[in-house]
Amino acid sequence: DTAVSQTPKYLVTQMGNDKSIKCEQNLGHDTMYWYKQDSKKFLKIMFSYNNKELIINETVPNRFSPKSPDKAHLNLHINSLELGDSAVYFCASSQRQTGGYTFGSGTRLTVV
Amino acid sequence: KQEVTQIPAALSVPEGENLVLNCSFTDSAIYNLQWFRQDPGKGLTSLLLIQSSQREQTSGRLNASLDKSSGRSTLYIAASQPGDSATYLCAVKGSQGNLIFGKGTKLSVKP
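Top line first, the protein sequences correspond to chains L and W.
So the first sequence is numbered by the working numbering: it starts at 1 and just counts up by one.
So the second sequence is numbered by the working numbering: it starts at 1 and just counts up by one.
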C-alpha cells in the first residue's frame, strides 16, 4: 500500500553506463516530480510531469531523460553516467497547485 | 526567483525543551508551505501542510504557522524527545507547482 514507490533503492554502477530508476504512485495525483539531493543534502527539482506532459525541466544535462507512460508512473533514464551524478534521487507526487507532496524513499546512485 | 532560508542550520537541545525552527521565503506568491522531516539515509516524511490561506496547522506536539505577507513560517515542537532528532526541511510551493526547499535545520535532542 506504499503511496510513492521507487526502485531500485540502491544503484552502484560504473562511469559511462546507462541506468533507469522507476517510480509509481497510487495516490491518484496528477503531477509527478524528480528531485536530486546532493552531497550537501540540498534538494532541487529536476523535472515535473502533469498528466504525462512535461511541465518543468530545470537545468539538467540532456543525459537525463524522464518518461511518463501514464500519470501514475514517472521513470528517469540516465545515459553515460558520470561521477558527479552520484546523489540520492527522489520521486514525488502531488495534486498540482494546492496539493501537498508525497515523496518516495529515494534511490541512492553511486557512480564509480 | 524564490529562495527559502532556514535558521538555525543546526540546533542541539536537552530533552523536554520546547523549540522553534524558522523558515523564511522571498516571494509571497505561494500555494502552500510544507514541513518535512528527514532521518539520516531516509526519505522525506511530511509533517504539516499549510495552505496559503491558512495561518497555522497542528499535529500532536507540532504546530506550524504561516505569515505569507512577511514571508515567514515557524515550526514549534513541544516537549522535545530524542526521537525528534532529524533534519527538518521547509518547502514552499510556487506558481509552477514545484516545491522549493530550504537547506534544513539539523535537530539533536539529548536525553
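Hints are computed from structural coordinates only; laboratory data are not their basis.
Computed from a predicted model, the values in this text were never measured in an experiment.
Treat the hints loosely; a few may be bogus.
Said to hold, decoys possible - Only part of the chain W face toward chain L is listed, based on derived beta-carbon distances under 8 Å:
hint	residue
1	L19
2	Y76
3	N98
Said to hold, decoys possible - From the derived model, a few chain L residues whose C-beta atoms are all more than 10 Å from chain W:
hint	residue
4	S48
5	N62
6	K71
7	S86
For each residue, glycine too, the CB sits at the ideal point set by N, CA and C.
Q | Those earlier numbered hints the structure runs against, lowest number first | A | Structure breaks hints 1, 2 and 4.
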